[in-house]
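Use the sequences and the hints to build the structure in full.
4 protein chains.
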Amino acid sequence: MSVTEQESQLNTLTQKMVEWRRDLHKHPESGWVEFRTATLVADKLDKLGYELAVGRDVICAESRMGVPEEEFLEAQKERALQQGALAKWIDAFDGGFTGIVATLDTGIPGPTVGLRVDMDALDLEESSDCQHVPEQCGFSSINHNMAHACGHDGHTAIGLGVAHYLMENKAQLCGKIKLIFQPAEEGTRGAKSMADAGVVDDVDLFIAIHIGTGVPDGEVICGSDNFLATTKFDVNFHGVPAHAGGNPEKGHNAILAAAQATIGLYSISRHCDGASRINVGVLNGGTGRNVIAQHAHLKVECRGENNDINDYMFARSQAIIQGVAQMYEVEYDIEVVGAAQRSIPSPEWVTFIAQKANELQSFSKVHHGRKGAAGSEDATYFMERVKQHGGQATYMIFGTELAAGHHNDKFDFNESVLQNALILLSKVVIEAKEFA
Amino acid sequence: MSVTEQESQLNTLTQKMVEWRRDLHKHPESGWVEFRTATLVADKLDKLGYELAVGRDVICAESRMGVPEEEFLEAQKERALQQGALAKWIDAFDGGFTGIVATLDTGIPGPTVGLRVDMDALDLEESSDCQHVPEQCGFSSINHNMAHACGHDGHTAIGLGVAHYLMENKAQLCGKIKLIFQPAEEGTRGAKSMADAGVVDDVDLFIAIHIGTGVPDGEVICGSDNFLATTKFDVNFHGVPAHAGGNPEKGHNAILAAAQATIGLYSISRHCDGASRINVGVLNGGTGRNVIAQHAHLKVECRGENNDINDYMFARSQAIIQGVAQMYEVEYDIEVVGAAQRSIPSPEWVTFIAQKANELQSFSKVHHGRKGAAGSEDATYFMERVKQHGGQATYMIFGTELAAGHHNDKFDFNESVLQNALILLSKVVIEAKEFA
Amino acid sequence: MSVTEQESQLNTLTQKMVEWRRDLHKHPESGWVEFRTATLVADKLDKLGYELAVGRDVICAESRMGVPEEEFLEAQKERALQQGALAKWIDAFDGGFTGIVATLDTGIPGPTVGLRVDMDALDLEESSDCQHVPEQCGFSSINHNMAHACGHDGHTAIGLGVAHYLMENKAQLCGKIKLIFQPAEEGTRGAKSMADAGVVDDVDLFIAIHIGTGVPDGEVICGSDNFLATTKFDVNFHGVPAHAGGNPEKGHNAILAAAQATIGLYSISRHCDGASRINVGVLNGGTGRNVIAQHAHLKVECRGENNDINDYMFARSQAIIQGVAQMYEVEYDIEVVGAAQRSIPSPEWVTFIAQKANELQSFSKVHHGRKGAAGSEDATYFMERVKQHGGQATYMIFGTELAAGHHNDKFDFNESVLQNALILLSKVVIEAKEFA
Amino acid sequence: MSVTEQESQLNTLTQKMVEWRRDLHKHPESGWVEFRTATLVADKLDKLGYELAVGRDVICAESRMGVPEEEFLEAQKERALQQGALAKWIDAFDGGFTGIVATLDTGIPGPTVGLRVDMDALDLEESSDCQHVPEQCGFSSINHNMAHACGHDGHTAIGLGVAHYLMENKAQLCGKIKLIFQPAEEGTRGAKSMADAGVVDDVDLFIAIHIGTGVPDGEVICGSDNFLATTKFDVNFHGVPAHAGGNPEKGHNAILAAAQATIGLYSISRHCDGASRINVGVLNGGTGRNVIAQHAHLKVECRGENNDINDYMFARSQAIIQGVAQMYEVEYDIEVVGAAQRSIPSPEWVTFIAQKANELQSFSKVHHGRKGAAGSEDATYFMERVKQHGGQATYMIFGTELAAGHHNDKFDFNESVLQNALILLSKVVIEAKEFA
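Chains as they are written, first to last, in UniProt numbering: chain L, 1 to 436; chain X, 1 to 436; chain C, 1 to 436; chain R, 1 to 436.
Errors might be hidden in some of the hints.
Since copy identity is lost for identical chains, a pair holds within one copy or between any two.
Dumping the calculated DSSO-like pairs for lysine-lysine here, alpha-carbon to alpha-carbon at most 27 Å [what the hints assert, rightly or not]:
# : residue 1 : residue 2
1 : Lys410    : Lys299
2 : Lys299    : Lys88
3 : Lys26     : Lys365
4 : Lys371    : Lys250
5 : Lys250    : Lys410
Calculated directly from the structure, the hints in this document are not laboratory data.
What follows is the structure in structure tokens.
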């Protein structure tokens, strides 16, 4: 292919990525109900000639976390169909098993390279401010209280862009390519179930990506390691109600238990091996001022600089909640609704990618790593699995200018990042054979 | 009037009371927005020839507690007009000043007798069970999440019945009669503002009433003294949000403050002079699992066997909340949204009423008092005010069979209680001159 | 006996009571180690001709509470012998079984009347102020940190006085007389073990006494009912120490558990049936600032207006402590070190005593009962046991002027109360046959 | 000096250091009362020809922390004199100003090199086990509950050894030498007051030392950076006592405040910039089970990976304690009794020292730094002060075999460390002129 042909190909693909991204942005879908997104993605990959594995074949049912109620799943499937989900594909994702693995086996010896993108949106009402670009350009969310305010629309578009590019340049490839489209990254709920299904067990070289996160436009992080291991869990206390004036001693006070648990959780000791976190982000309890509360609900998360510290935090949390329930003689249940791990990028693989990024001369700055603890990412489950099986893994961040921070109702990004990511990722995949 | 005439008059009135009660039951209105009820009551009393004082003339604006937002008041006025509120009267109650005092001054020397009933309903969805009498007979609530599940519809009907009876038997009266129709008894929000407006300052003999409350059908309590003084208050903590993973130290945690306040409130010391109570009935805080909570809201009430004990409980509560805000460096506000006092019925007045009840020979049992602490009642503000001005006051309970307990969605009462109350109250008012 | 003889007998006895009281005051002994007191009392009663039961015969070993360590018991026995305890009697009280029951069986039909006094002193350093009467008159405590600052020296002297008087007037008696000298009333530790040993099972009419307690000089309470049921208990938390800087997560924090338990205990709900109390009076934990505390110790007491409320408080306390131990993964133990009951004096018996007191015309005021909850008294165990066996029981208080309140280092009383008590108690015992 | 001479000189000095160390070990003295130690050290340095500054000249009175009561200081001075403190020097240290700075100004241009050792012992009863070497060899502590169980006896001996060696080899020196003998390192109480007095303001190159701390025999750490900044503080809550049964509401509960403060302190949020610590190591409150506690005392410490984090912890601690006092309406005071900083060793200076250590070929291993957070050290105040004035500073650790860990009653070290330290420190001081 000539340079002009390549440029023309790139421009066409970039236009498509923008188009896809905007279509996805307009139709954001929550975790485990990405029915429209998944059917469109599957259809495109299928038509390109990828071998597809979808639904329960790539998602371990027992490992899914934070799955909505059956009724909600059904209603969302209906909604998706009305918004253009493809009927042909929809049954494949029934029950909210909205994951896809597209494989291209070249038959030529070479490494198996895996790329993971995520597809879900956030429970957030997108801004209707006329200055907000998606509003201006007519692609802002049509779904109530749902928005692509974290950039996963871009991730999916990049995944599709790479899928097209690689197929169009199949001749340059060897080994196997696995493109993973993951549901329910928000709340770190989905990756574990795909990793547990074994979809990366044969992957030698793995990349997960994110755009934005404060990295300036035109820069790239080749091995981001600022994620904390985390466990997200809900706690319910079930007490016995009583009239607060007439029979206070008859009540088993769920609010009092929740308050005590909250304080107890924050009192978990620091760990000498590194950073830990605990947060009770939501506490709701009780129905009436003069009733001793029967129910209380907490949304909690703990984190740790490594998996052991996070395990320690979660173990201590469970002991505290159990003890508090005993103190106030209330029942309780704990449900894990999300989890992610710490996973250190493989240094050689990061170095290789950084070298490729530098060769491109299109990035203003190429970083190996990045400092400063921040949020959590469940792509770490894939990374750890790959490393356990002898592979190498990394997490890349493509910088881009943001209109507003992630999870903000005015979040938007500079779409030029799509091409930046496409070019580097494709180059890395194609040249991965050079990596010893 | 002959006995037959009297009986016929009573039967007619009883029928009317049932009719009124059912109309009110079908159109329940929340505290401070009893626009339909108030206009209908005012109109009837006006037509009977009572001298009326209404709205701001009988309600001290500064003393109102738990008044809804302006917007809600307006919407409810609109709703009331659509449901038959009388346009002629409605401006008199503008801004939610939905109280009425109807006076009959005989010009003949004699005591001033005051009778207080309440008009508001509860924020509760009435049962649509076909066995539920109001549903069967077509007078169940048409207002969403609003129901006369405490019997105030009956109280208002009794008030109107007594108004009719007294006017029809005006010749037997002397002194002055003051009929008080109070808004917002639920949450003990309204009485203080009417007492502060001075509406009972000239009352020599005062009666407030309730039906039901566990007293068997056909029995009457002439001096109920099982109310605890109480203060109902809302607490808001306003913190500073922060990402729980990225910048935990930047957060000023409103949930942690609310939890600590809850535990602190329950740790207030017992009082050696008698019973006290504290309850955090509702606690809601936070928006997202991974955000250090910016806001938390508590619905709290304290109570005391006497006013001093309740004052002690509230003073300690305030100190604790202030201290907790300081601990966690959050802002806070406390809003008193309801209050009631302890008020011991005047023994001689109770004895006189009991004697009249016994004379009727229609009650299966006549009780002077009743044991067992229970809820709270803001009629106590009227009682204390009357006693401070040298008068005597009591709180009566007319027993009746209940389909389900107060504040239950299937609450309903045996309407025969309306006549029982009418007869005794009228007799007591007419013969009050005998009371030295 | 002539009036003069009687007077002379009384004066002699009064002198003796003062003498005994001062001797006991000078040699105060803690609960369960009243070795000197018990041997002297036993010897006197034996010489008077009473039939004695002592030590393990009148104390149920399993029911003793708050017994000191073996070593302390031995050391105190030694101390007692050096201070004049009678070697002849001391083995009878070995192991701290320092109780005595002296019986006089007249052989003549009549009621069995029981009188209980207590013998132990307080862990308190007596004032050495020269204005303090015991100091002035040379009978202040010679035992370090031990003082008769509650009046039990007076009680024992009264018991001995009554013993003498009755024996001297044996001819007037019928039925049976049982004089009970109880150890370890402070901390409410001793009575249960004597009641459980059955020493009052045959008692028809029972009296326990106290002097002072705020009752004015010359007045008498014939049926004091202002005691709360109580349970006194010690709690130990045993954690795992760790360096607070180096390995904070390895610590199982006993101080944190103790703090949480304290707050949890104060948060136990009020009881609708009456007064309750909870207090953590002492909390000691930890050894060094930079060590996560291994041990913490709490001294706790709960109380209730009746035995059920106290049982509720203690059951809730146990649940809270167990739950807290679970929260912080520490071991714990709870030891009950004292207990007392609520016991309502038998009204007829109180009335009879009041009548006898009035007949004497020597009391300035004779009260049937007294209001105002206060402390706790383990004589209630005897009272409840007597009533369970069909007898009648009361608790009397003899008023006297106090130099300072009970448990104060300058506590002292007007010794004229000794004679007042002697006269009335003797009269009541002698004339008890009149009580149907 | 010939090699033989040098060896002989070294052997002589080593024998002396052992002798001094054992004498100090036998006469351990607590912080601020090292009267015997200080007079002996001062006398030796004076005789060697050092220019001395002592007492208030080298200690800023306002900056001293955790100073004992006047009475204790006096008694200890007396004790010291009886144990051989030199009367000639003792007044120089009056009031517990037990610090010494010995200066040797060569007059030849060159850097000012400072060496700091500490002199105080621990409040701990030394083991009397016959296997314990100090016991075996007759130099175990003769002072009750006081022991050199941290090695400061060795530090002082090394300081004296270096003082001798340098004076004996004065010809090789240039610049200025400052030897600092610091009191009260335990509890991190003394260094700040000497640093604030300006004693290291002219120091270009600074070394503080420790022996042991887990570093194997024969190894040396040239730049130890595992100290956390810390603030040690005592908290007193002063409430109002009340009888827990009779007047619970009158009490202002100091134990409840202390418990709440404890829990509040542990709930201080983690800091995103690094490790933090909090510990309530001791909590004592209350006097009697049935009294609402009037007083409670807490020994607390916070720490931080850097000074800002520690400042954050202490600021939050103060806010919490103030808030808790407000909650429970008790008075409080906070006294800072110790503090230390984080101070990163100057890398070039560390590298220089490591090079010198390697040149000696007598250390089995030479480490630049060491990982793993641990305790705190107030030598960091000197280090920060030196660096602020443009100098370079480090903290060295000389490995040695320990009989038992620091602060253990059987702590003892292999005395060969004394010579190891002497040789390297002397070499570094002498050759410091090579350091640009």
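Outcome of the hint check:
no., hint, result
1, Lys410 with Lys299, "within (25 Å within a copy, 34 Å between copies)"
2, Lys299 with Lys88, "neither (38 Å within a copy, 52 Å between copies)"
3, Lys26 with Lys365, "neither (32 Å within a copy, 64 Å between copies)"
4, Lys371 with Lys250, "between (53 Å within a copy, 19 Å between copies)"
5, Lys250 with Lys410, "between (49 Å within a copy, 23 Å between copies)"
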